[in-house]
Amino acid sequence: MSSIQPIRNDLAVADPAIELINVTRRFVSPTGKTLTALSDFTMTVGRGEFVAVVGPTGCGKSTTLNLVTGLAKPSAGEVRLMGGPVKGIDPRVGFSFQKDALFPWKNVIDNVMAGPLFRGRSKAEAERAAKDWLARVGLSKFLHHYPHQLSGGMRKRVALAQTFINEPEILLMDEPFSALDVQTRTVMHEELLKLWAERQASVVFVTHDLEEAVALADKVYVLTAGPATVKSVYRIELPRPRVVSEIRYDQNFIDYCKTIWEDLRQEVETSYRRASQAA
Amino acid sequence: MANITMDSPVTGVAPATFRPGTSDKEIEAAALKAIKRRKQLVLFWQLVILFGALGLWQVASDQAWIDPFFYASPSAVAERLYDWAVNGTTEGSLWYNLGVTMEEALIGFFTGSIAGVVVGIGLGRNQFLSDIFSVYIKAINSIPRVVLAPIFIMIMGLGLASKVALAFVMVFFVVFANAFQGVREADRDMIANARILGASDWQVTRAVVVPSAMSWIFASLHVSFGFAIIGAIVGEFVGARFGIGQLISIAKGTFDAAGMFAAIVLVMVVTLAAEWIMTAIENRLAKWRPQQSLDTH
Numbered sequence: 001m002s003s004i005q006p007i008r009n010d011l012a013v014a015d016p017a018i019e020l021i022n023v024t025r026r027f028v029s030p031t032g033k034t035l036t037a038l039s040d041f042t043m044t045v046g047r048g049e050f051v052a053v054v055g056p057t058g059c060g061k062s063t064t065l066n067l068v069t070g071l072a073k074p075s076a077g078e079v080r081l082m083g084g085p086v087k088g089i090d091p092r093v094g095f096s097f098q099k100d101a102l103f104p105w106k107n108v109i110d111n112v113m114a115g116p117l118f119r120g121r122s123k124a125e126a127e128r129a130a131k132d133w134l135a136r137v138g139l140s141k142f143l144h145h146y147p148h149q150l151s152g153g154m155r156k157r158v159a160l161a162q163t164f165i166n167e168p169e170i171l172l173m174d175e176p177f178s179a180l181d182v183q184t185r186t187v188m189h190e191e192l193l194k195l196w197a198e199r200q201a202s203v204v205f206v207t208h209d210l211e212e213a214v215a216l217a218d219k220v221y222v223l224t225a226g227p228a229t230v231k232s233v234y235r236i237e238l239p240r241p242r243v244v245s246e247i248r249y250d251q252n253f254i255d256y257c258k259t260i261w262e263d264l265r266q267e268v269e270t271s272y273r274r275a276s277q278a279a
Numbered sequence: 001m002a003n004i005t006m007d008s009p010v011t012g013v014a015p016a017t018f019r020p021g022t023s024d025k026e027i028e029a030a031a032l033k034a035i036k037r038r039k040q041l042v043l044f045w046q047l048v049i050l051f052g053a054l055g056l057w058q059v060a061s062d063q064a065w066i067d068p069f070f071y072a073s074p075s076a077v078a079e080r081l082y083d084w085a086v087n088g089t090t091e092g093s094l095w096y097n098l099g100v101t102m103e104e105a106l107i108g109f110f111t112g113s114i115a116g117v118v119v120g121i122g123l124g125r126n127q128f129l130s131d132i133f134s135v136y137i138k139a140i141n142s143i144p145r146v147v148l149a150p151i152f153i154m155i156m157g158l159g160l161a162s163k164v165a166l167a168f169v170m171v172f173f174v175v176f177a178n179a180f181q182g183v184r185e186a187d188r189d190m191i192a193n194a195r196i197l198g199a200s201d202w203q204v205t206r207a208v209v210v211p212s213a214m215s216w217i218f219a220s221l222h223v224s225f226g227f228a229i230i231g232a233i234v235g236e237f238v239g240a241r242f243g244i245g246q247l248i249s250i251a252k253g254t255f256d257a258a259g260m261f262a263a264i265v266l267v268m269v270v271t272l273a274a275e276w277i278m279t280a281i282e283n284r285l286a287k288w289r290p291q292q293s294l295d296t297h
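Chains A and B, in that order, are what the protein sequence lines are.
Using the numbering used here, the letters of the first sequence correspond one by one to residues 1 to 279.
Using the numbering used here, the letters of the second sequence correspond one by one to residues 1 to 297.
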């Protein structure tokens, strides 16, 4: 177990897909108070690499993703995508939300078609692609259902199809499965790994669930309690393809979880202590 | 297997207990029957109250418990309506007068609600403009709308324009406030999702903001049709040649209680009909919303 060691964060990755270089992100409230969510944060994601980010609740994990999408700008430091700076919302990026972000007034197929239609593709083309993606996530029979008629797991699959139809080279996921029950979540993990293996997109997966992170990722970033910065980075050398439902019983998996949890626990405790002091 | 009980919060029917082994079909049939019975019961009581109230009014008037000169009676009101419908009013045909009021109210309603929706969404989407204009909107909104009636009539005369203007201001602010709020309540994640999926600002407005503000807007349209009618009628009180408000005004001048009530009944029927049409349109547009379902456990 002691053989598991964190890797250095400043190691150069050849041909990186995403780079956050010494990034700081501050929020200024209307009364002029500043709140630092990220401080001196550095992360590199290689092409086709699956990276998980874990950290205590509210430490600023989601902020990292917003910086990559271009929805937020860094207060200091630099964010680069595929070797170039981020300029607004990048069409190569796909985003998977924690909450349901489907459009409730559109039925399943119209939800999935939204991306291609926004991007100016023809209706027929969008429909063909949407049907194809809905078949891949096993929802061909639900094309004309509305989101409220589907279960949480099915809605998540629609959301995945909605994201994947744009064929993102970079996939950002913000605790996408945290609202699902444990069984559905495992199914969705398998589904995600399958889609990822076909597409070979670069993924940043934010979660507070360490086991989820270890089961899915090539590399796990542990963040400190806010303002978040990188505490340690681990490379997960579990063989692929992984069977998420069974990997939990693998000794290597357990060792990874134990080692990384040691790091994470201190931060969780710090964060918890602060929260209870503030209250 | 335990007895199957059925307790439905929607129907409010007392839980029926079924013997073990009752088939789903029988339970469904029983539930349908219970729902139907309850609907009939509701209708029955509604009719009882309607005829009870009208009957009491009639009797009270016949027996001179209340002065029929001031309070009229249902039969007098019905007679007056019949007389107006067949022989016309002192101001010409009833249908023409009703048509005038409806024209004023409808033009005011449509222009007011379209303007309200456009301005509400525009300001809702633009923080800077809304910061600038919010103070003026609050100020204008604090004016009781009916005090504008004399001014509009002075400026625009006794005809259509002054009534439309009054109906317009009555409708505009209600619809504007709701459209504005609806835009503000649009889910941030949903907007972010659309933008990342590739939507331009205009596409975000059309595909996300407007649909999500729609239920707010519809809520305001329900009340604002009533407001449009109020605007038209108040305008007619203050000065007009034709219209239901003018009929009421004349009835008042001649101490004709039956005439006033008859006009009120007309307005009530028209407003209810409009409300019914609006609900039908809304249900058609809102088919994506969850239906309330019977809960059988």
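The reader is advised that the hints may include incorrect statements.
Calculated cross-link-like contacts (lysine-lysine; reagent style DSSO-like; alpha-carbon spacing at most 27 Å) [stated by the list, open to error]:
id : chain 1 : residue 1 : chain 2 : residue 2
1  : A       : 131       : B       : 287
2  : A       : 106       : A       : 87
3  : A       : 131       : A       : 87
4  : B       : 287       : A       : 106
Rough simulated footprint, nothing fancy, chain A against chain B, three-plus residues with beta-carbon under 8 Å [said to hold, decoys possible]:
id : segment
5  : 167-179
6  : 205-218
Calculated directly from the structure, the hints in this document are not laboratory data.
Backbone N, C-alpha and C define an ideal beta-carbon position, used for all residues, glycine too.
Proposed proximity, residue 106/A with residue 287/B (alpha carbon, max 27 Å):
holds (10 Å)
Run the distance test for residue 106/A versus residue 87/A: straight-line Cα separation, threshold 27 Å.
violated (30 Å)
Below or equal to 27 Å on CA atoms is what counts here, so check residue 131/A against residue 287/B.
holds (22 Å)
Please verify the coverage claim for the segment 205-218 of chain B: does it have three or more residues whose C-beta sits within 8 Å of some C-beta in chain A?
holds (count 5)
Does residue 131/A pair with residue 87/A here, judged by a C-alpha cut-off of 27 Å?
Violated - the C-alpha atoms of residue 87/A and residue 131/A are around 32 Å apart, more than 27 Å.
Closer than 8 Å, Cβ to Cβ, for at least three residues: run that test on the segment 167-179 of chain B against chain A and report holds or violated.
violated (count 0)
In the structure shown, a violation is registered for the earlier hints numbered 2, 3, 5, in ascending order.
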